[in-house]
Amino acid sequence: MNDDWARQRTEAAHEHAARLAARQDAEHRQAEELLARFVVAARAADLPTVPLQVKGYGGRGTARTPLHGWYLRADRTAAVATDGDFYVLTAPLSLLDRARGVHPEPKRPPLVLGAGGKDGDSIDLVDALERLLPGWSSRSA
1 MNDDWARQRT EAAHEHAARL AARQDAEHRQ AEELLARFVV AARAADLPTV
51 PLQVKGYGGR GTARTPLHGW YLRADRTAAV ATDGDFYVLT APLSLLDRAR
101 GVHPEPKRPP LVLGAGGKDG DSIDLVDALE RLLPGWSSRS A
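In full-length UniProt numbering, the protein residues as written are 1 to 141.
Keep in mind the hints are simulated off the structure, nothing from the lab.
A virtual CB, placed ideally from N, CA and C, is assigned to each residue, including glycine.
Take the hints with a grain of salt, since some may be wrong.
Pair by pair, the computed Cβ-Cβ distance ranges are [to be verified]:
(1) Pro66 to Thr10: 24 to 34 Å
(2) Ala22 to Gly59: 36 to 46 Å
(3) Gly56 to Leu111: 21 to 31 Å
(4) Leu95 to Ala12: 42 to 52 Å
(5) Gly59 to Asp4: 47 to 57 Å
(6) Arg19 to Pro92: 26 to 36 Å
In silico SDA-like links for lysine to any residue, alpha-carbon gap of 25 Å or less [what the hints assert, rightly or not]:
(7) Lys107 to Gly56
(8) Lys107 to Glu32
(9) Lys55 to Gly114
(10) Lys107 to Ala91
(11) Lys107 to Ser122
(12) Lys107 to Trp5
Assemble the whole structure, with the sequences as input and the hints as a guide.
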């Protein structure tokens, strides 16, 4: 009886994890589509890009990257590059990183930037994009 209960709990946990992964994947796909549409609209509107930099943890300096794009957060910790890839722009930076620059890896974008952070630290992706290019979603629909 104990073995049966343990097996059922294990199966339920696996099912829960699979549902969570599927929901997260769907959210990432939706965010990726938003970013792709935004990049098309931003290019069409000639929205200027900026060189993207990575900030060191705890405000410990910055490092340049080969990327250009648009910062999504006022604190410049997240951005979309001109190819539509999403980047989290914080990392532990060594002196060498700050001197030579870094090559951050793209991440799958969330629908809410800063979710789970302090109050006021999160912003919906759509709202962040709207701040950069007001009305973009109606132009790209």
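Structure-based check of all given hints:
{"no.": "1", "hint": "Pro66 to Thr10: 24 to 34 Å", "result": "violated, 46 Å"}
{"no.": "2", "hint": "Ala22 to Gly59: 36 to 46 Å", "result": "holds, 37 Å"}
{"no.": "3", "hint": "Gly56 to Leu111: 21 to 31 Å", "result": "holds, 27 Å"}
{"no.": "4", "hint": "Leu95 to Ala12: 42 to 52 Å", "result": "holds, 50 Å"}
{"no.": "5", "hint": "Gly59 to Asp4: 47 to 57 Å", "result": "holds, 54 Å"}
{"no.": "6", "hint": "Arg19 to Pro92: 26 to 36 Å", "result": "holds, 34 Å"}
{"no.": "7", "hint": "Lys107 to Gly56", "result": "holds, 18 Å"}
{"no.": "8", "hint": "Lys107 to Glu32", "result": "holds, 10 Å"}
{"no.": "9", "hint": "Lys55 to Gly114", "result": "holds, 16 Å"}
{"no.": "10", "hint": "Lys107 to Ala91", "result": "holds, 13 Å"}
{"no.": "11", "hint": "Lys107 to Ser122", "result": "holds, 17 Å"}
{"no.": "12", "hint": "Lys107 to Trp5", "result": "violated, 39 Å"}
Checked against the numbered hints above, the structure violates hints 1 and 12; every other hint is satisfied.
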